[in-house]
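Q: Chain by chain, the residues:
Protein chains: 2
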Amino acid sequence: MVAGDPLRGVSIVGIGQIPVEKVCSRPLKSMGADVVKLAMEDASVDRIDALFAGNMLADELQNQKHIGTLIASAAGLRGIEALQVRAATATGAAALRMAYFAVASGESRLAVAVGVEKMSGGLHTPALAKALDAKTETALGATLLSQNARLMQMYMDRYGVDVNAFNAFSLNAHRNARTNPNALFKDKRVFDSTIRSSPVITPPLRLHDASPVCDGAAAVLLTRSNEARAYSDHPVRILGSSVATDWFRIDDRPDPLTLYAAAHSAHDAFRKANVNRNDIDLFEVHDAFSIMACLLLEAVGFASPGEGWRLAADKKIGLRGPIPIATFGGLKARGHPIGATALYQTCEIVLQLTGRAGRNQVKNAQVGMLQSVGGAASTVLTHIFGV
Amino acid sequence: MVAGDPLRGVSIVGIGQIPVEKVCSRPLKSMGADVVKLAMEDASVDRIDALFAGNMLADELQNQKHIGTLIASAAGLRGIEALQVRAATATGAAALRMAYFAVASGESRLAVAVGVEKMSGGLHTPALAKALDAKTETALGATLLSQNARLMQMYMDRYGVDVNAFNAFSLNAHRNARTNPNALFKDKRVFDSTIRSSPVITPPLRLHDASPVCDGAAAVLLTRSNEARAYSDHPVRILGSSVATDWFRIDDRPDPLTLYAAAHSAHDAFRKANVNRNDIDLFEVHDAFSIMACLLLEAVGFASPGEGWRLAADKKIGLRGPIPIATFGGLKARGHPIGATALYQTCEIVLQLTGRAGRNQVKNAQVGMLQSVGGAASTVLTHIFGV
Numbered sequence: 000m001v002a003g004d005p006l007r008g009v010s011i012v013g014i015g016q017i018p019v020e021k022v023c024s025r026p027l028k029s030m031g032a033d034v035v036k037l038a039m040e041d042a043s044v045d046r047i048d049a050l051f052a053g054n055m056l057a058d059e060l061q062n063q064k065h066i067g068t069l070i071a072s073a074a075g076l077r078g079i080e081a082l083q084v085r086a087a088t089a090t091g092a093a094a095l096r097m098a099y100f101a102v103a104s105g106e107s108r109l110a111v112a113v114g115v116e117k118m119s120g121g122l123h124t125p126a127l128a129k130a131l132d133a134k135t136e137t138a139l140g141a142t143l144l145s146q147n148a149r150l151m152q153m154y155m156d157r158y159g160v161d162v163n164a165f166n167a168f169s170l171n172a173h174r175n176a177r178t179n180p181n182a183l184f185k186d187k188r189v190f191d192s193t194i195r196s197s198p199v200i201t202p203p204l205r206l207h208d209a210s211p212v213c214d215g216a217a218a219v220l221l222t223r224s225n226e227a228r229a230y231s232d233h234p235v236r237i238l239g240s241s242v243a244t245d246w247f248r249i250d251d252r253p254d255p256l257t258l259y260a261a262a263h264s265a266h267d268a269f270r271k272a273n274v275n276r277n278d279i280d281l282f283e284v285h286d287a288f289s290i291m292a293c294l295l296l297e298a299v300g301f302a303s304p305g306e307g308w309r310l311a312a313d314k315k316i317g318l319r320g321p322i323p324i325a326t327f328g329g330l331k332a333r334g335h336p337i338g339a340t341a342l343y344q345t346c347e348i349v350l351q352l353t354g355r356a357g358r359n360q361v362k363n364a365q366v367g368m369l370q371s372v373g374g375a376a377s378t379v380l381t382h383i384f385g386v
Numbered sequence: 000m001v002a003g004d005p006l007r008g009v010s011i012v013g014i015g016q017i018p019v020e021k022v023c024s025r026p027l028k029s030m031g032a033d034v035v036k037l038a039m040e041d042a043s044v045d046r047i048d049a050l051f052a053g054n055m056l057a058d059e060l061q062n063q064k065h066i067g068t069l070i071a072s073a074a075g076l077r078g079i080e081a082l083q084v085r086a087a088t089a090t091g092a093a094a095l096r097m098a099y100f101a102v103a104s105g106e107s108r109l110a111v112a113v114g115v116e117k118m119s120g121g122l123h124t125p126a127l128a129k130a131l132d133a134k135t136e137t138a139l140g141a142t143l144l145s146q147n148a149r150l151m152q153m154y155m156d157r158y159g160v161d162v163n164a165f166n167a168f169s170l171n172a173h174r175n176a177r178t179n180p181n182a183l184f185k186d187k188r189v190f191d192s193t194i195r196s197s198p199v200i201t202p203p204l205r206l207h208d209a210s211p212v213c214d215g216a217a218a219v220l221l222t223r224s225n226e227a228r229a230y231s232d233h234p235v236r237i238l239g240s241s242v243a244t245d246w247f248r249i250d251d252r253p254d255p256l257t258l259y260a261a262a263h264s265a266h267d268a269f270r271k272a273n274v275n276r277n278d279i280d281l282f283e284v285h286d287a288f289s290i291m292a293c294l295l296l297e298a299v300g301f302a303s304p305g306e307g308w309r310l311a312a313d314k315k316i317g318l319r320g321p322i323p324i325a326t327f328g329g330l331k332a333r334g335h336p337i338g339a340t341a342l343y344q345t346c347e348i349v350l351q352l353t354g355r356a357g358r359n360q361v362k363n364a365q366v367g368m369l370q371s372v373g374g375a376a377s378t379v380l381t382h383i384f385g386v
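Protein sequences appear in the order of chains A and B. Numbered per numbering that gives the first Met the number 0, the first sequence spans residues 0 to 386. Numbered per numbering that gives the first Met the number 0, the second sequence spans residues 0 to 386.
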């Protein structure tokens, strides 16, 4: 019961994000160092104890490992703790959890979780596919795209819905991205016809069912809740943090459309936060694919199996709906720079819960939820935030 | 002051290791799952809460990311938390620190740190070099070998010592490996003449100044100290855990022969553990290169600058000496399967502190120390263990 223990409570007191771009001209380490410094400035500190970095693809795309210390050094923070953490496509959330650990354990007073990804650096599809089993999935041609396409087809077959049943997820994301200055697609207008005419990538997945390849970085600064007011007038508390896993390969699962790890980690995070899903005012969902947004809404219990797409179609997921999702554009339209994604989402939840979300504001938002999916939903992290 | 807080104390209650081999015939995930199960059997548990996996090179050598969940699933542990953590060549120690975080924070009751590396899978040298700065070091030809060779040359020039000054490090490691059933070189006899005649790899580094490329996996199981006796008759406590970083590139440091991160993390770990270096009964040092063992002994204060090699030459580092190092063969002769290395060392320290080290036993060992070096000593982790 971490949330109930004042000695172990953890709060966010600083955020930093740079605009998501198709191609960022600055090197990876500078992008990371920039958002670390922004988060530190936001809390008016010039020193931190630890930095936990999320990055998935630099090994291949930048020939670079050792990202944590690389960023710490580039930010001028000689001496501090720095490590790298990963959970495939949920890597940003893994960095957040590690920073949470560091503060909750008493080992750090001020810890930054930073995520950075520069997907423009090279061939990203084969590198991303390493989130699957190399011998029994990737070697046989599977990619994250193909596995999500299979889930989508399975869903359409089981529930008798058409591919256009998913359109409203993309529409909602693009609508919200237009007023987010950090969104990749802030200048893009998307209509139902845009989605219907978008090219099929891997049947039945269309371009508009998938999130874009892009570059980005974001960071948050964490400290003990009982000291948070020294750094911020509007700290946001991490009420619950949880990770759960499923069988690694979707083909080994009893029902691939039931996201066990998502349900399990959500349940555990709700328990730790002492809230239930009716308390959630907004949900930053892992909409890397429209089918994934749909299945996560069902796994958490916001919709019954086979009904997730209706929440979108019935406009329940908009900023004024009962369960707003992707409030700043989501993975689909803010962009999904893998290792940075969950940290962008955390920054956005902080803005929402502190009434600073501008035209993207969800009214009276008190409790926000974040879910992050690694691979084909074999790893799912859930975080609950509150003020 | 973590060590003094009974609620936050963390102890090791299970260990698991498999023999280090030049080429292991089993897949990476099986090697990882095997040692996880060995550590669980050692503590008589059939379920854990979390698994933190250390691996540095599978991205390139096995086309595999997402190692934490891959191993958890292979071990049959559906549902548990699983993440991957890295710090270049100190990756195994990063996994240990994360498991420590998980238990100390109250988030996990039973957490495994597992390390696995299968360097036989392909071209390891370019993958290892990604621990350095891609743009300003690796792209110009630098490797971990070349940077350590530079440090060695610098040391020889400054202190006027000959390359053979370092021979006793290798001799000690090989002597201790002969009675370690898990050591790569358990059957090898090495003499001073062997070292003198070993080929030069990168001048002045000879083959015998470097640790071998190999495959291996090891794991430890952690729980709260106040519950440790439920799982083990001989728990070992983590008295201090610390990470520190230096400027990323050795060329940016005021003095490359002064290992700032090693000194800083050792100092911090001593403080947390409430011990000093005279209390250390054995030191599992990061002897990836003989020069690194020498510089670490100096950084921690076991020798003055320029005198580290004398500790070895004067036989102070043997099992009966005042500061035994590499007691089961070290990186040099047990082997250095990168992500697994610090977990092998932790298993060995546990055996020493519980009087189960057999012919490698250091008499009356009460306090053990572990140091792990990432890259060219830009990240150093120090752990102190006690009974």
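Among the clues, some could well be false.
Copies of the same chain are indistinguishable here, so a pair counts whether it falls within one copy or spans any two.
Unchecked claim - When the alpha-carbon atoms are kept at most 25 Å apart in a straight line, the in silico DSS-like pairs for lysine-lysine are as follows:
1) Lys187 <-> Lys36
2) Lys134 <-> Lys362
3) Lys36 <-> Lys134
4) Lys36 <-> Lys315
5) Lys134 <-> Lys187
6) Lys187 <-> Lys315
7) Lys21 <-> Lys134
8) Lys362 <-> Lys315
9) Lys187 <-> Lys271
10) Lys21 <-> Lys362
11) Lys36 <-> Lys362
12) Lys271 <-> Lys185
13) Lys314 <-> Lys36
14) Lys314 <-> Lys21
15) Lys271 <-> Lys314
16) Lys185 <-> Lys21
17) Lys185 <-> Lys315
18) Lys315 <-> Lys134
19) Lys185 <-> Lys314
20) Lys314 <-> Lys134
21) Lys362 <-> Lys314
22) Lys187 <-> Lys314
23) Lys315 <-> Lys21
If you are wondering where the hints come from, they were derived from the structure by calculation, not from laboratory data.
Q: Now tell me, hint by hint, if it's right for this structure.
A: Cross-check of the supplied hints:
For the homomeric pair Lys187 and Lys36, neither the shortest alpha-carbon distance inside one copy (30 Å) nor that between copies (52 Å) is at most 25 Å. For the homomeric pair Lys134 and Lys362, neither the shortest alpha-carbon distance inside one copy (48 Å) nor that between copies (46 Å) is at most 25 Å. Taking CA atoms no more than 25 Å apart as the test, Lys36 paired with Lys134 passes between copies only; the shortest distance there is 22 Å, against 41 Å inside one copy. When the C-alpha separation of Lys36 and Lys315 is checked against a cutoff of 25 Å, the pair qualifies neither within a copy, at 37 Å, nor between copies, at 46 Å.
In this assembly of identical chains, the alpha carbons of Lys134 and Lys187 never lie at most 25 Å apart, being 40 Å within a copy and 35 Å across copies at closest. Taking the shortest Cα distances, Lys187 and Lys315 sit within 25 Å of each other inside one copy (23 Å), while across copies they are farther apart (70 Å). In this homomeric assembly, Lys21 and Lys134 come within 25 Å of each other (Cα to Cα) only across copies, at 21 Å, whereas the closest approach inside a single copy is 32 Å. Proximity of Lys362 to Lys315 under the C-alpha cut-off of 25 Å is restricted to the intra-copy arrangement: shortest distance 15 Å within a copy versus 69 Å between copies.
In this assembly of identical chains, Lys187 and Lys271 lie within 25 Å of each other by CA distance neither inside one copy nor across copies; the values are 39 Å within and 54 Å between. Taking identical chains as interchangeable, the C-alpha atoms of Lys21 and Lys362 are never at most 25 Å apart, the minima being 31 Å within one chain and 61 Å between chains. In this homomeric assembly, Lys36 and Lys362 never come within 25 Å of each other (Cα to Cα): the closest approach is 30 Å inside a single copy and 49 Å across copies. Neither within a single protomer nor between protomers do Lys271 and Lys185 lie at most 25 Å apart by alpha-carbon distance, with minima of 36 Å and 49 Å respectively.
For the homomeric pair Lys314 and Lys36, neither the shortest alpha-carbon distance inside one copy (38 Å) nor that between copies (48 Å) is at most 25 Å. For the homomeric pair Lys314 and Lys21, neither the shortest alpha-carbon distance inside one copy (29 Å) nor that between copies (59 Å) is at most 25 Å. In this assembly of identical chains, Lys271 and Lys314 lie within 25 Å of each other by CA distance neither inside one copy nor across copies; the values are 30 Å within and 54 Å between. Taking the shortest alpha-carbon separations for Lys185 and Lys21, only the intra-copy value of 12 Å comes in at or below 25 Å, while the best inter-copy value is 53 Å.
For the homomeric pair Lys185 and Lys315, the shortest alpha-carbon distance inside one copy (22 Å) is at most 25 Å, but the shortest distance between copies (66 Å) is not. Taking the shortest Cα distances, Lys315 and Lys134 never come within 25 Å of each other, neither inside one copy (41 Å) nor across copies (48 Å). Within a single copy, Lys185 and Lys314 get their C-alpha atoms as close as 21 Å, which meets the 25 Å cut-off; across copies the closest is 68 Å, which misses it. In this homomeric assembly, Lys314 and Lys134 never come within 25 Å of each other (Cα to Cα): the closest approach is 42 Å inside a single copy and 48 Å across copies.
Taking the shortest Cα distances, Lys362 and Lys314 sit within 25 Å of each other inside one copy (16 Å), while across copies they are farther apart (72 Å). For the homomeric pair Lys187 and Lys314, the shortest alpha-carbon distance inside one copy (20 Å) is at most 25 Å, but the shortest distance between copies (71 Å) is not. For the identical chains of this complex, Lys315 and Lys21 are neighbours neither inside a copy (30 Å) nor across copies (58 Å), given an alpha-carbon limit of 25 Å.
Hint check: violations occur at hints 1, 2, 4, 5, 9, 10, 11, 12, 13, 14, 15, 18, 20 and 23; the rest are consistent with the structure.
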